[in-house]
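For reference, the chains in residue letters:
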Amino acid sequence: MQCISVESAVAMIPDGAILMIGGFMGVGTPERLVDELVRQRKRDLTIIANDNAKPGVGIGKLVSASLVRKTIASHIGLNPDTQQRMIQGSMEVELVPQGTLIERIRAAGFGLGGVLTPTGVGTVVEEGKRKIEVDGREYLLEVALRADFALVQAFLADYEGNLQYALTARNFNPMMAMAADRVIVEAEHIVPVGVIAPDHVATPGPVVDYVVGVA
Amino acid sequence: MDAQTIIAKRIARELREGMLVNLGIGIPTQVANYVPAGMHVFFQSENGLIGTGPVAEEGRIQARLTDAGGRPVTALPGASAFDSAMSFGLIRGGHLDMTVLGGLQIDQHGMLANWMIPGKMVPGMGGAMDLVVGARRVVIAMQHTAKGKSKIVAKCSLPLTSTRPVDLVVTELAVIAFPKGRATLLEIAPGVSVQEVINATEAPLTIPASVPEMVL
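Those protein sequence lines, which keep their order, are chains S and E.
Start counting the first sequence at 1; every next residue gets the next number (the working numbering).
Start counting the second sequence at 1001; every next residue gets the next number (the working numbering).
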């Protein structure tokens, strides 16, 4: 794990990258990394996230700056900008049930090809997917979802990259930290090793590549 | 009493001691205002919280403690916080006693459509599909009609949320359940006649010999 500046962290991300970004309506989203993506104008991004927040907040900033080619999310209802771009055809939106989205991310991070879920059976969500029967119940095969980079927000990061999250800012962050080739963490506080007790570490340091602090 | 209050108060009577309950956005959220005195119920917010308390007052707002609608909330004694995989494990895994959701349409067999209007409103399903599939009991809180048209229909014209039928629908006019797959009128709101409910309902309704008034 390396502690680096926000500028150099974002400089590693090429145009066209597939990014996972933590957060739920902007809560638990690494805002400084998002702001820097906007400043460096990284384009044609694919954003995997629970939602698109709202204009001016979190992922909403990337949408409004026209940096997003495609988003894979469970909910875009509070971002009229995303909805408008989807209807106009300038932005692709793949809607995934929230429980399925987190499981597809978890599957990728945990070395699984996918998961079997009853969610979506008999609805438009099943279109194009394999159905598998287990003990008389039908499930959809939902395949693993990986990214080039995970942009993760944590409450505490220690010098080894161990992470602790806070309250509802945790959401998608711990699973995303497992499911990308490179993991960049924006921590509210960077603390000496030992401040986070081993039992309180939610993401173990070895999966974290870079930590940026909030000055 | 306005329509939303009737619905929220009636649904609150479905709560039982110790239940784990998920409330959707809109009318369902108001159910929390009418928990019977002395009853302890756990409310889950699917963004990762059990023990969700009332909306935070000025001075107690904490940016990292929000409900699924993004509003700052409080957490009650005994609260727990967790990630989204755990949150939906609780939902799909049969650990959630009851979910209360809004609805756009319900068909005569109890099938729910509540996540999109093609070409008009495509907010995404969020957690709704998982909640309907996984909760032990699915209760729908909605107004009986929209723009003069019944929301309880013979067949949903909107995309379904799930093929699992809901258990109970509560509107400002009536309480409807689906025994043997048929929409059945269980209760009427104070001051509403059975005929008024039938007139406001597109789906064929089974009417039992006695239809009591809602206790609010």
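No lab work stands behind these hints: they were computed from the structure.
In this text the structure is predicted, and so the values were computed from the model without any measurement.
Don't take each hint at face value.
[As the list claims (entries may be wrong)] According to the in silico footprint, chain S covers these stretches of chain E (three or more CB under 8 Å from chain S):
| no. | stretch |
| --- | --- |
| 1 | 1036-1042 |
| 2 | 1070-1083 |
| 3 | 1125-1138 |
| 4 | 1197-1208 |
[Unchecked claim] When the alpha-carbon atoms are kept at most 25 Å apart in a straight line, the in silico DSS-like pairs for lysine-lysine are as follows:
| no. | chain 1 | residue 1 | chain 2 | residue 2 |
| --- | --- | --- | --- | --- |
| 5 | S | K61 | E | K1120 |
| 6 | E | K1120 | E | K1149 |
| 7 | E | K1009 | E | K1149 |
| 8 | S | K70 | S | K129 |
| 9 | S | K70 | E | K1120 |
| 10 | E | K1147 | E | K1009 |
In this text, a Cβ means the ideal position worked out from N, Cα and C, and glycines have one as well.
Each hint, compared with the structure:
Residues of the stretch 1036-1042 of chain E with a Cβ under 8 Å from some Cβ of chain S number 0, which does not satisfy the need for three, so the listed coverage is violated. Evaluation of the coverage hint for the stretch 1070-1083 of chain E: fulfilled, as 5 residues show C-beta separations to chain S shorter than 8 Å, against a requirement of three. Interface restraint, the stretch 1125-1138 of chain E with chain S: holds (8 residues with C-beta to C-beta distance below 8 Å; minimum three). Here the stretch 1197-1208 of chain E counts 0 residues with a CB under 8 Å from a CB of chain S, which misses the bar of 3, and the coverage is violated.
Annotation: proposed proximity of S/K61 to E/K1120 holds, straight-line Cα distance about 24 Å (limit 25 Å). Proximity of E/K1120 to E/K1149 is assessed by CA-CA distance (about 17 Å); at most 25 Å being required, the pair is judged to hold. At most 25 Å may separate the alpha-carbon atoms for a hinted pair to count; E/K1009 and E/K1149 meet this at roughly 24 Å. For a cut-off of 25 Å, the pair hint linking S/K70 to S/K129 stands: about 20 Å separates their Cα positions.
Taking the CA atoms of S/K70 and E/K1120, the gap is near 20 Å; set against the 25 Å cutoff, the hint holds. Restraint check for E/K1147 and E/K1009: the C-alpha separation of about 24 Å stays at or below 25 Å, so the hint holds.
Violation of the numbered hints given earlier is confined to hints 1, 4; the remaining hints are satisfied by the structure.
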